[in-house]
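The lines below spell out each chain.
There are 2 protein chains.
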Amino acid sequence: EENLEAEGLELELEDKSRMEHREPMAWVADDAENEEMSCSSLWCFDSENPFMYDKELIPDDSLYFSSTSNKNYNNEFHVVEKESFLTSAQRSRIVWEVLMRTPYETDSGSKTGIMRLLNNGIYLSGYPLHDGPYIGKSVKKGEPGYCERTLLYNEWAQWKCWYKTQPLPLIRRYFGEKTALYFVWIGFYTTVLIPAAALGVLTMIYGLATMKTSTPSKEICDDTVGGNLIMCPLCNQQCGFWRLKDSCVFSMVVHLFDNPATVGFAVFMSLWATMFMELWKRKQARTAWEWNLSSAEHSLEMIRPEYEAKVFTYKFNPVTMTFEPFLPFWDKVARILGVNSLVLLMLFSVMIAVFAVIVYRIIIVTLMFSSETLFWRKYAKIATSFTAATINLVVIVVMDRIYRKLAGKLSDIERPRTQREYEDSFTFKMFVFTFINTYSSIIYIAFFKGRFFGHPGDTITIFGYRQDQCENGGCLFEVFVQLGIIMVGKQVFNNIYEFATMKIMIWWRVYWRARENFVPQQPNTRWEEDYNLETTDSMSLFDEYLEMVIQFGFVTLFVGSFPLAPLFALLNNVVEIRLDAYKYVAQLRRPLTYRVQNIGAWQAILKGLSFVAVITNSFMIAYTSDFIPRLVYMYRYSKDGSLEGYINNTMSYFDTADFTNTTKPNNMMLDGVYVNQCRYQDYRHPPGSDEKYTLSLQYWHIFAARLAFVVVFEHLVMFITSLLSYAIPDIPRSVQGDNSK
Amino acid sequence: EENLEAEGLELELEDKSRMEHREPMAWVADDAENEEMSCSSLWCFDSENPFMYDKELIPDDSLYFSSTSNKNYNNEFHVVEKESFLTSAQRSRIVWEVLMRTPYETDSGSKTGIMRLLNNGIYLSGYPLHDGPYIGKSVKKGEPGYCERTLLYNEWAQWKCWYKTQPLPLIRRYFGEKTALYFVWIGFYTTVLIPAAALGVLTMIYGLATMKTSTPSKEICDDTVGGNLIMCPLCNQQCGFWRLKDSCVFSMVVHLFDNPATVGFAVFMSLWATMFMELWKRKQARTAWEWNLSSAEHSLEMIRPEYEAKVFTYKFNPVTMTFEPFLPFWDKVARILGVNSLVLLMLFSVMIAVFAVIVYRIIIVTLMFSSETLFWRKYAKIATSFTAATINLVVIVVMDRIYRKLAGKLSDIERPRTQREYEDSFTFKMFVFTFINTYSSIIYIAFFKGRFFGHPGDTITIFGYRQDQCENGGCLFEVFVQLGIIMVGKQVFNNIYEFATMKIMIWWRVYWRARENFVPQQPNTRWEEDYNLETTDSMSLFDEYLEMVIQFGFVTLFVGSFPLAPLFALLNNVVEIRLDAYKYVAQLRRPLTYRVQNIGAWQAILKGLSFVAVITNSFMIAYTSDFIPRLVYMYRYSKDGSLEGYINNTMSYFDTADFTNTTKPNNMMLDGVYVNQCRYQDYRHPPGSDEKYTLSLQYWHIFAARLAFVVVFEHLVMFITSLLSYAIPDIPRSVQGDNSK
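First to last, the protein sequences are chains A and B. Take the first sequence: its position 682, counted from the start at 1, is 682 in my numbering, and no numbers get skipped. Take the second sequence: its position 579, counted from the start at 1, is 579 in my numbering, and no numbers get skipped.
Because the hints were derived from the structure by calculation, they are not lab data. Hints may contain errors.
Copies of the same chain look alike in the list, so a pair counts if it fits in one copy or across any two.
[What the hints assert, rightly or not] Lysine-lysine pairs mimicking PhoX-like chemistry, simulated, CA-CA at most 25 Å apart:
id: 1; residue 1: LYS607; residue 2: LYS281
id: 2; residue 1: LYS639; residue 2: LYS283
id: 3; residue 1: LYS218; residue 2: LYS639
id: 4; residue 1: LYS409; residue 2: LYS218
id: 5; residue 1: LYS449; residue 2: LYS310
id: 6; residue 1: LYS583; residue 2: LYS137
No experiment lies behind these values; they were computed from the predicted model shown.
Using the sequences and the hints, build the whole thing.
In structure tokens:
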């Protein structure tokens, strides 16, 4: 019976590893350091050569020392010899290393490692065991029934702990450094989000408070000033003329995100992103020092079994004097090119999806504007924004799922040599795709929408419809809607999906196994319990990081148009921490522990994002918001330096006689009066001028001012951020001092 | 007699270290591994406790292993045991470490290290010896009379070797890794300069070839088109009107640096700088791998003796359980602030010097323009440029010398804890100062000169003189003169100065010692010979790096106006390599060897420079050159898309009746005719217009175009450079593979 064998093996292992540690540690749950396997072959007993353990475990004293020096900083220097021990995470790592190196054929010794056996399907799976059920009463260390998993569940993974600091030393002890570092990171990120969220809320409150009193909205809503201006139709033929006061409500909403406070907030967030990176480097250095991670993990540098199995060209290695698998240069290049062109194809399909939504937008807006009902006309833009954003959200979520499946396969085709190469390639592919997938619709609205629109009477069309154009007051409102729906929607959906699928999968597995075995109800062994849980692998933190990095993008890239982004991120993360904690404690098999010094490629990606954020924010303020035109108006065109008359100033005149046949509205009347002249938002010469409908001097003024703002903003922020990163040392002074020992 | 003692000590040491190596190495010169000291106290013999060597040298097997693994890559794996040896550089390092740690009081053992003895003046100095005179015949390894120094001199340090590859393994063996890495770097930099220099020359040739045919110069020189235009006076009162053709020669010279080719070259150089950094990282990684430098040198992290001697506040260190010197936080802050305000003061004095030269410029130009002689009027600008640049050069060189003396003292006042802290602080101070000192006059000319000039009747003055203004055709020519003189002048001066002072100092010391000792002519011992040479310390490479980094700045920052910069840099470096080589082989005491992994802070500084270069180049093309105005003219204002009529288009009209009393020229006649209207280079409304002398629409067009160019150029180049740095892995594939062993 294979199960019995497996359990026999387990006992064997237990004795051996006990011998190595040489000191009884009563408080450690019995099976914490054991690997467990479901054997499907009869010779699995031979394969575990008991001799191997002594040979492999004894030279492992580096780990032993790392444990003692870890104690050092607790000032327990003098008792090190007596109290020294390995954490359960370290023990599981040791056992795994042993399994990795144990030969499974007694004669040759060349075929080693559990990885091959797992890949060949001889073993079903191998994983460290949890140290007990997670539901239970917290018991103090040293007392009988002490179970770290229960402790973690009670003190960390429950909702009621949402405001508590995470028990990081325990997490590290139980799950190992790599997993713990993720929780350090998300905890740190969430903390740093608090001031950003607070300032974001203040910005929003400022917007709300000044909504009614802002001059542009007042002028739009006031019949005597701008409300009665007759506006040109917003689409060709079907749409009619309208009065500016129709967009009164809309203009007030727009003011929420388009006021001087949001500009200040965008500047703040650009600096915040840099500060975050700099402070994180310090935090990470301190954590690495406290956890004694300065000796890096080299297991990622080992040649992948897949590589050894599938590469059949060999090269002589002068160091080891053996022939090693080696992919010829051109083969490698061909594979990378092939895979990357597939990735480009996927990106292209994302673009098509975005374009489809643009077309949807244009059609719907046209339909709604041509409707007779005032209600539809009034809310046309808003309704379109919301529905289009929702469609985008669905597309994004679906594409993400599809691509996730694809990326792993594609990275395999590239034949990465080491696990690190694999992870780097996978990370890059996933990040680029998710980035484009998530942000492309927002980028389109923020920077391209309506930019190519000329003036009424223009005949440039897309599929016979007039180009997509933003409402009076810039595209900032649409960016806001798009961001809000995609960001909040994606997070909520992801959390629910994650939670639900996990539950269902576990239930399904329990149910299936129960049906298969027909074993009368008897208490399951620990390994059976754990086998029912979701699997973990070295990439299982990948999705968590990716989700957070994309969220970081929402928080920094377009924050000028969505000051509430940090708040939503903060709320999401409070939930996310506990959800991830619950997942790791209750729903996943215990992960193999890895020792890593830092968060790896994600750090470079975050740095890149905070760099791009400076660019997007400067362009958003300069181009998407009305900030610059208003400033230019106040300082050059206004009589008294105020914004009075701004709305009238932004509207150019159009002679309705200049409509072509295809653009002329079907209804040339408004309120029963024939319209001779209408207004549209742009800076162009009036119909009477020599150069009618060409861009006016004011346009060039504003254009120059926008560009000057971008140049000044970017250089200033970059200068400040370089100063910051120079002034804040990456390694805290205290750590630096003690490292020199 | 102390000399005897010292030599006795030398013999003692020799025996001991020989014993350690255990294998006779006949081909190594006898005294290569010995430290030598001039004792000035009688108890120096006791201090060298022979017991210490065994204790200290035996655990040094890491060095031993590094030597064997170094052999590995030569495929001599199987003979490692027999052939293993330490290079002379490694042996001198070992001996130094021993000296550093040997206690000099036999009872307590707490007072250790030669550093304290040197600082107290008990020893005069301590240094590794050269292995023989440098002049001699090259002898093959293994033959009698083999001397690495002679070999280096003959094969590397002589002028006739200027085209040869440097014998880097030998340099490393003789001088150690830190010095060798400098030569690797300068060699690499010089090689990479070749394509840049070639392209720069081509750019210059293009300029020369098109000089006569370029439309703007042709129009300026042609009487029928632009030559006869009456130009407004270039200064107030004294200057008279002049005809545009007077600046004909000048406009042709300007064309040399202000043509489309230089724009292309500036783009190329921005990318070149990035490529240089990326390729250098690879080269460095490869070198570190070949030289087995992956285990970093920690000697820089040791607490400086100065710190221990001068800091009297102590803190308890929980790790070592001892009280250690520790500077309180506020004391540290006060020191840093104090020192940095002094640095700011120095920078301020640099600014004053630059300003003084500006005033000089204005006065001279005014004087020359008011001269009656046509010759002076014609060459006024050029002559002023040359003399002003020369004055700037002198100021720069003098300030450099003064500041160099100051910076070391200032860094000492800051009380850096470790040698690394000291070096970082010193490097930063020196670099910032040298940067500002060298480039500020160029930056002024390139970006500020003449920007605040209004139009001829303006009354804004500096000390009663009209503002500094560039000649028709932009300030690019003046930047060229300034750059050329400062760059070439500084390099030539530095090389001569270095060479000459070194020679004189050595001669002086030999002469002085000869007079002092009155010893009859007898052959000097090796250590006496070496004592006469210049001293070396851990900072002796600093000046070399600084010089090269400032040169890198010349090559990249303003290359748009001086395409020959890479060529001059290349020529200089070819000389520099051999000069430095000669210095190290013949004029300096043999330096202590250090093992370093990389070029340290210089890498970050170079990266920063190549970043700044993108910004300066984009602004220089956009603002300083005439590139953008010409493009705008061609695409918007020209009738046939050519540059014809450009010169006339750039000149605004001025009504001479609008001169104020202070600005009106004394002579209102030109060639006997009263001048009613004159022209000046700017885009302003003509006198007849409503808004006379205010900036015209074309000005705003060009202004917007300039800014747009900056934005597009910077983002494009940054995007390409990030792509490049992503695509080029920092560590070559082959090295990566073999590191995983």
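Here is what the structure says about each hint:
1. For the homomeric pair LYS607 and LYS281, the shortest alpha-carbon distances inside one copy (11 Å) and between copies (20 Å) are both at most 25 Å.
2. With identical chains, the CA atoms of LYS639 and LYS283 are never at most 25 Å apart, being 53 Å at best within one copy and 63 Å at best between copies.
3. Taking the shortest alpha-carbon separations for LYS218 and LYS639, only the intra-copy value of 18 Å comes in at or below 25 Å, while the best inter-copy value is 47 Å.
4. In this assembly of identical chains, the alpha carbons of LYS409 and LYS218 never lie at most 25 Å apart, being 58 Å within a copy and 64 Å across copies at closest.
5. For the identical chains of this complex, LYS449 and LYS310 are neighbours neither inside a copy (49 Å) nor across copies (66 Å), given an alpha-carbon limit of 25 Å.
6. Within a single copy, LYS583 and LYS137 get their C-alpha atoms as close as 19 Å, which meets the 25 Å cut-off; across copies the closest is 76 Å, which misses it.
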